[in-house]
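Please build the complex by placing chains B, C, D, E and F on the supplied structure of chain A, with the hints as guidance.
Number of protein chains: 6
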Amino acid sequence: MKALILLADGFEDLQLFAPWYRLREENVRITIATPWGQEATGSHGYVVEADSPIAEINPNEYDLLVIPGGQAPARLRLREDAVGIARTFLEDGRRVAAIDHGVQLLISAGGLDSRKVTCHPSIRDDVRFAGANYRDEAVVVDGSLLTGRGNEDLPQFCRSLVAGLAVRA
Amino acid sequence: MKALILLADGFEDLQLFAPWYRLREENVRITIATPWGQEATGSHGYVVEADSPIAEINPNEYDLLVIPGGQAPARLRLREDAVGIARTFLEDGRRVAAIDHGVQLLISAGGLDSRKVTCHPSIRDDVRFAGANYRDEAVVVDGSLLTGRGNEDLPQFCRSLVAGLAVRA
Amino acid sequence: MKALILLADGFEDLQLFAPWYRLREENVRITIATPWGQEATGSHGYVVEADSPIAEINPNEYDLLVIPGGQAPARLRLREDAVGIARTFLEDGRRVAAIDHGVQLLISAGGLDSRKVTCHPSIRDDVRFAGANYRDEAVVVDGSLLTGRGNEDLPQFCRSLVAGLAVRA
Amino acid sequence: MKALILLADGFEDLQLFAPWYRLREENVRITIATPWGQEATGSHGYVVEADSPIAEINPNEYDLLVIPGGQAPARLRLREDAVGIARTFLEDGRRVAAIDHGVQLLISAGGLDSRKVTCHPSIRDDVRFAGANYRDEAVVVDGSLLTGRGNEDLPQFCRSLVAGLAVRA
Amino acid sequence: MKALILLADGFEDLQLFAPWYRLREENVRITIATPWGQEATGSHGYVVEADSPIAEINPNEYDLLVIPGGQAPARLRLREDAVGIARTFLEDGRRVAAIDHGVQLLISAGGLDSRKVTCHPSIRDDVRFAGANYRDEAVVVDGSLLTGRGNEDLPQFCRSLVAGLAVRA
Amino acid sequence: MKALILLADGFEDLQLFAPWYRLREENVRITIATPWGQEATGSHGYVVEADSPIAEINPNEYDLLVIPGGQAPARLRLREDAVGIARTFLEDGRRVAAIDHGVQLLISAGGLDSRKVTCHPSIRDDVRFAGANYRDEAVVVDGSLLTGRGNEDLPQFCRSLVAGLAVRA
Chain A
1 MKALILLADG FEDLQLFAPW YRLREENVRI TIATPWGQEA TGSHGYVVEA DSPIAEINPN
61 EYDLLVIPGG QAPARLRLRE DAVGIARTFL EDGRRVAAID HGVQLLISAG GLDSRKVTCH
121 PSIRDDVRFA GANYRDEAVV VDGSLLTGRG NEDLPQFCRS LVAGLAVRA
Chain B
1 MKALILLADG FEDLQLFAPW YRLREENVRI TIATPWGQEA TGSHGYVVEA DSPIAEINPN
61 EYDLLVIPGG QAPARLRLRE DAVGIARTFL EDGRRVAAID HGVQLLISAG GLDSRKVTCH
121 PSIRDDVRFA GANYRDEAVV VDGSLLTGRG NEDLPQFCRS LVAGLAVRA
Chain C
1 MKALILLADG FEDLQLFAPW YRLREENVRI TIATPWGQEA TGSHGYVVEA DSPIAEINPN
61 EYDLLVIPGG QAPARLRLRE DAVGIARTFL EDGRRVAAID HGVQLLISAG GLDSRKVTCH
121 PSIRDDVRFA GANYRDEAVV VDGSLLTGRG NEDLPQFCRS LVAGLAVRA
Chain D
1 MKALILLADG FEDLQLFAPW YRLREENVRI TIATPWGQEA TGSHGYVVEA DSPIAEINPN
61 EYDLLVIPGG QAPARLRLRE DAVGIARTFL EDGRRVAAID HGVQLLISAG GLDSRKVTCH
121 PSIRDDVRFA GANYRDEAVV VDGSLLTGRG NEDLPQFCRS LVAGLAVRA
Chain E
1 MKALILLADG FEDLQLFAPW YRLREENVRI TIATPWGQEA TGSHGYVVEA DSPIAEINPN
61 EYDLLVIPGG QAPARLRLRE DAVGIARTFL EDGRRVAAID HGVQLLISAG GLDSRKVTCH
121 PSIRDDVRFA GANYRDEAVV VDGSLLTGRG NEDLPQFCRS LVAGLAVRA
Chain F
1 MKALILLADG FEDLQLFAPW YRLREENVRI TIATPWGQEA TGSHGYVVEA DSPIAEINPN
61 EYDLLVIPGG QAPARLRLRE DAVGIARTFL EDGRRVAAID HGVQLLISAG GLDSRKVTCH
121 PSIRDDVRFA GANYRDEAVV VDGSLLTGRG NEDLPQFCRS LVAGLAVRA
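Chains as they are written, first to last, in full-length UniProt numbering: chain A, 1 to 169; chain B, 1 to 169; chain C, 1 to 169; chain D, 1 to 169; chain E, 1 to 169; chain F, 1 to 169.
With the rest of the complex left out, here is chain A (with noise of 0.2 angstroms):
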């Protein structure tokens, strides 16, 4: 089992750590990847050494894409290579976990259509022009798509990533 996390400055800290250490956990091996390789720096202050820009990333080694909020999807999403890669994954049906504003990355990768989706409430009325079928709740699972709110839905958001896990095995 591979992940892979998209990050830039500007993420939401604990929508990193919560998911990449509760995988890490369940000894998922994780690449993270940045604009250009480069650390990142969350909005907390936490730095995050990265193991590849993502212009060298090959989506299809990867079984889960996770997409931390706070801004660094705003960075992102405004990236042809970032987005290419949430829509590889989306349009192939593999496993897509974002929270919060990680959810901006999926609306510019365009595969949101008829999609139930949460999201930061900020970006709600985006997601819906979007086609989603927006839910305000903890997390919603639509099928290989999980998306939580924020930080206080981690809990719940990382016990389905890891129940979606064990679907895949």
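These are calculated hints, taken from the structure and not from any lab test.
Wrong hints could be hidden among the right ones.
Claimed, not checked - Partner residues aside, some chain A positions facing chain C, computed with beta carbon under 8 angstroms:
#1 Phe17
#2 Ala18
#3 Arg24
Unchecked claim - Below 20 angstroms or equal to it, Euclidean Cα-Cα: the simulated SDA-like pairs (lysine to any residue) are:
#4 F:Lys2 with E:Gln156
#5 A:Lys116 with A:Gly164
#6 E:Lys2 with F:Gln156
#7 A:Lys2 with A:Ser43
#8 C:Lys2 with C:Glu91
#9 B:Lys2 with B:Pro53
#10 D:Lys2 with B:Gln156
#11 E:Lys116 with E:Val141
#12 E:Lys2 with E:Asn60
Only a predicted model underlies this, so the values are computations on that prediction, with no experimental measurement involved.
Cβ coordinates follow ideal geometry from the N, Cα and C atoms, glycine included.
Relative to the frame of chain A, chains B, C, D, E and F by itself:
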């Protein structure tokens, strides 16, 4: 001539001060409204007193609505009163000037369909899904709707803002 | 299953959130206690509400004591009520999980003699003088006592924490 | 029409941006000069690129000198090149616009004797000892010398600044 | 022996603590006065309790006036009570010790004419216009007036401060 | 008379400057050593240049060792070279002055057995386990060992520090 500025914490400071001071230079009377009438703090630390809570604003008393960007619009678009004011201005064809993320409030107000619009690049996909005709330009004027891209475009944004005043006189 | 977390200002944020959210994922009921029942602010700025002042805690109602690190334990070890709670857990042989500087509270509680322990390297000499058998390892389990070294070891710390829950069930 | 802005770290951000953007709105060509041509950081964190080191500036190429306030003028008045430029403008009777602590540079240039001047209140005694006729007013125009008191007076300062452009044309 | 320290927000921390602690070492009794008797915060974040509002100070009860620098003197020189205290000390020929921007308060008090003085270089021109004989030296002693240049000169400033105590004994 | 100050990032600023400037006032020659000879930043932001890397220090060339507190000693006690220097001073009976958390380095050096010591209250239990006789006093002098409790005690700490110089002369 009376103008209304909708503000909340996290506004991009220059996007408030440049049009605010520019309109004062033209002797436009300005009301700053915040969610509870409390002071608002910009992302660079400037603190601004409010004249009124948003809920007590009657949009019909104003000729012009100004919406600075930054993180304030993400807060404002969660409030029915703020969204309703923007919707009233758009539907009545009265003048609206939004810059950067200020356009997020217009998306939530649901009045961007077929309008020519610019905004911060990170929300261009949201603007497109909302039906708008996105342009990557410094400022875009579409009838009574003026939109601007970002800080660097404030001189042009202010010039268009003031030119519009003359049209209305 | 009920767990108690002792907290004060300056806690290392991830060392609170990772075990807290992990235990919530397992449906453990958790009480966060601070010196006066006030909210606590982590060294990275996260603010957490408390459920109770420490002085009103009855340690016999809890199965597990969790002590995050950072600068909070230096504050807690100055308080007789916090030290007394840790001592009660250690003397009764009930489960204790401390990480990083959290071990400082256990030193003050006087129950580390001949116990195998890991901790933040900067207090390893204090742990040795307190009679403990210091190990430079990610996590150390010595009977009902679980200790962890630092942030990077949180995945293993959480795995041991949850494994211990199963033992008690 | 060409304007020169003298800048250094610690400038009061709005006192740079309001006149700078206002002049750009009027299509004035502007050169920003800093001690070594390096970028300058305002007291609220805005970072501005410089067009030139101060030492390479020929004051005779400019019609207008603008001196924002904050802590930058305290740095500039220690440099002979910056003081010399201000002195040249004052002695030649060319236009000078200074606001807040920007007036400190004019004190050091030695050209305030018998001039009517306003400034930040905390340096009013220095202005008086320098021979100036201090006024506690929003803006003061004395021939080719325009001075302003502080941020709140920027709309009037900019109005006078632009009115002066017309006079010169 | 009694000393008075005039303080306000923005004081340069070391310029308070070095002479304050040094005088305490010599068993001098010290009163710290701030504008409203409130605590004051230094530019590096140290917070100091005040003993008295400035308005309630009777300068005749003190043998020595100490004025730290930083941004506090710019606030103090705007207050008649603070300026009046400095003037009383200077006119009575009682001991005054000012360092860095602390000399700004002496300018406003109008008693520097023909006095030998050092100060922060950025206000040297103000000191000259005030009639003083400026010296670019670590410390300058002119009768009962001791002035210092900056942080690096604090050891010499404190030595002169204490030597002055002996003279008065 | 030569003194050595051991420093690292996170030192409590006043605990460096008060004794450092006080010793300079007495014309003591001082060497500041940091882990790699790099500059060190205090917890309040003061930046200090180093004279030497710790590894190049020969402790026999110094009459006095000064160890400021804050978070620097937690870094220093992890380094064999720093611990070794402290051990040499203690074993040789040469003068050592430590304040606040500076005493942590002495614990690691293993020379506190049966010594009378004060320190920051949060490490008093560590001091006791190390065999020292802990006193909750401003300063404690035990032969050639001077210890201080915290910032508020710096005047007494410096008085004892200087008194000790006289003894050695």
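List of violated hint numbers, smallest to largest
Per hint list: single violation, 7.
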